[in-house]
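Student: Sequence:
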Amino acid sequence: MSDWGDRRPPVETVPEPDDDGRQEPEWPRAEAPSERPPAPPFSWPLPPPGSEEPKASPQHEFHHPLDRVTGRLPRRVRIAVDWIVTIVGAIAIVLAIKAWVVNPYRIPSSSMEPTLHCARPAAGCESRFSDRVLANRFIYRFRDPARGDIVVFETPPKARAKCGAGGTFVKRIVGLPGETLQMRLRRGAAFVYVGGRRLDEPYIEHDRRDIGPEERFKVPAGHYFVMGDNRAQSCDSRVWGSVPEDNLIGKVFMTYWPPNRISFR
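Each residue of the sequence shown is one higher than the one before, counting from 3 in our numbering.
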């Protein structure tokens, strides 16, 4: 037999079909990339493989200035120091606000009734509780005191001798620097005249006006003439003179106590 008769054609193997009769195709396998994939657009170029710098060991950093001083102290000591600094800072802020921004005051007498109440059983007081007010201490740095402002001020030396009290008073500005004021009796009550014209004072009740005498006052430059709204029971500029501008502490702008008296002025 010849050599051609012994040679048989190669037998091809056919993959076995799946259960549904379909043959699973053989997909080409992706080879692992030998290089790092390209960086996305608009990004910084990556360093070549193997050139990354070793990461530095984490170190404790003090971000707060106080931690730089107390960072190595025991934990309990640091907590105590932190509380002390917080409390001292809060007290300093409160004192600064009271000294330069806003300060509270209590109405001790009936001189400003019924605008501002004082507490019974003091003479002339109409309320169970005294009004507490807030005074704006910086407003007069931006504008001059105006007629009608209710102000807190340090009393001149004559006030203690004439009224038996000193310290701080709360009154209303009636006369401005350089003005001439007159007290004239009309229908059994005293009215204020400025420059010959009667002053409109809707906040004064008729039965609280003084009954005399008729007087004339000249307000010096740099001074203010103040009076209480309860004219019959107020020891004010009619008795001890006008108030220097430097003695003015601030303008009353709010009543904050008691709750039923909360209001702005």
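Keep in mind that the hints are not guaranteed to be accurate.
Okay, the calculated beta carbon distance ranges per label pair [said to hold, decoys possible]:
hint	residue 1	residue 2	range
1	92	259	38 to 48 Å
2	108	82	47 to 57 Å
3	168	103	17 to 27 Å
4	182	255	35 to 45 Å
5	146	202	33 to 43 Å
6	261	220	19 to 29 Å
7	265	178	17 to 27 Å
It should be emphasised that the hints constitute simulated quantities derived from the structure, not laboratory data. Beta carbons are placed, not taken as given, at the ideal position from N, Cα and C, and that holds for glycine.
Student: Please list, smallest to largest, the hint numbers that this structure does not respect.
Tutor: 1, 2, 4, 5 and 6
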